[in-house]
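Protein chains: 2
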Amino acid sequence: MDRIDRKILDLLAGDSRLTGEQLGERVGLSPSAAHRRVKALEESGAILGYRARLSNAARGNPSTVFVHVTLTDQRQATMLAFEKALAQTPLVAETYLMSGESDYLLKVLVRSDDSYERIHREILSALPGVQRLVSQFTIRTLNGGE
Amino acid sequence: MDRIDRKILDLLAGDSRLTGEQLGERVGLSPSAAHRRVKALEESGAILGYRARLSNAARGNPSTVFVHVTLTDQRQATMLAFEKALAQTPLVAETYLMSGESDYLLKVLVRSDDSYERIHREILSALPGVQRLVSQFTIRTLNGGE
DNA sequence: GCGAGCATGCGCATCGGGGTCCCGGCAGAG
DNA sequence: CTCTGCCGGGACCCCGATGCGCATGCTCGC
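Going down the list, the protein sequences come from chains A and B.
So for the first sequence, the UniProt record's numbering puts the first residue at 1; every next one is plus one.
So for the second sequence, the UniProt record's numbering puts the first residue at 1; every next one is plus one.
A hint or two may mislead.
[Unchecked claim] Straight-line Cα separation of at most 30 Å, DSBU-like style, residue types lysine-lysine; simulated pairs:
hint : chain 1 : residue 1 : chain 2 : residue 2
1    : A       : K39       : B       : K7
2    : A       : K84       : A       : K39
3    : B       : K84       : A       : K7
4    : B       : K39       : B       : K7
5    : A       : K84       : B       : K7
6    : B       : K39       : A       : K7
7    : B       : K39       : A       : K39
[What the hints assert, rightly or not] Anything over 10 Å on all C-beta distances counts as not near chain B; from chain A, calculated:
hint : residue
8    : Q22
9    : E25
10   : H35
11   : A40
12   : E43
13   : L54
14   : N61
15   : T72
16   : R75
17   : A87
18   : S99
19   : R111
[Claimed, not checked] Which chain A residues stay away from chain B? Per the calculated CB distances, all over 10 Å, these:
hint : residue
20   : G14
21   : R26
22   : G28
23   : S30
24   : K39
25   : L71
26   : D73
27   : T95
28   : V110
29   : L124
30   : A126
31   : G129
32   : L133
These are computed hints drawn from the structure, not numbers from a lab.
What you are looking at is a predicted structure, and each value in this text was computed from that prediction instead of being measured.
Ideal Cβ placement from N, Cα and C applies to all residues, glycine included.
Taking the hints into account, I'd like the entire structure generated from these sequences.
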């Protein structure tokens, strides 16, 4: 993992369809050498996979809701059960275990043709051990926010 | 944009390296027809591009910090200046204009070899019109969180 | 109401480009 | 000196890209 590998990772993170030749000329290698680097990065696990980036419209114009969750207690079993149930809730895009007041922060993508009330009920019923649940709505997404 | 197109978008969002043949057999089309669909989706703007997904280690083991920002006022000019400066701050991965107490929510990726204090100063000095700034740290990222 | 014409989307065939793999060369370390 | 790791170059093959003919369904005019 040298400077060239990092450059290749940066380039592929921006556009994974770059050809071996294009990669080669940007990092100063031949196409075959650049391609070998890529294969090695895939096999080492540095590159997890390749994804298409979709437009907002294609994703159903979702809006983002941040949900702060407080559990009934902080025993290992409670947290584990919560996290396990979370992994099977496709509405939740990202989850963070937080320091400070609330225990977890969930980033939920709500499609514009869904009502948040339904999502709220669904999340509450699917997740065990929830004591309190505070939702924070976005008006607009400026940057990133897949 | 019919059911087949949506299926194709779902599949490519998961793995953009699926071949025309693989796509075709999963949506019930010939390879060429599936490929034509993909090209059309690219040209219509539904597919914005293709990206490599990198491992946490390859990204420098960043941890996520959520920063709640309150501006000095809510005049159009103040918000515009803030947003404009934000667009040129690469540390900030995502930005949301929020309803409720704080005005903006920033998702900041801090590389493990950076100190947050430096980031904090950098953000404060780069962004105009900030009145209050509350940071919320993550202990662990469970799911997603690109 | 009905038929002709056109548009849309399919499968099949073909062509070119890039992925893939092997080989030979070279530099650095032991 | 030899071995190892990495590079460049070339051959092969598969996949992406595109043109062609055909079926289906819709529209418009009679």
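Compare the structure with the hints numbered earlier in the document and write down the numbers of the violated ones, lowest to highest. 2, 13, 17, 18, 20 and 27
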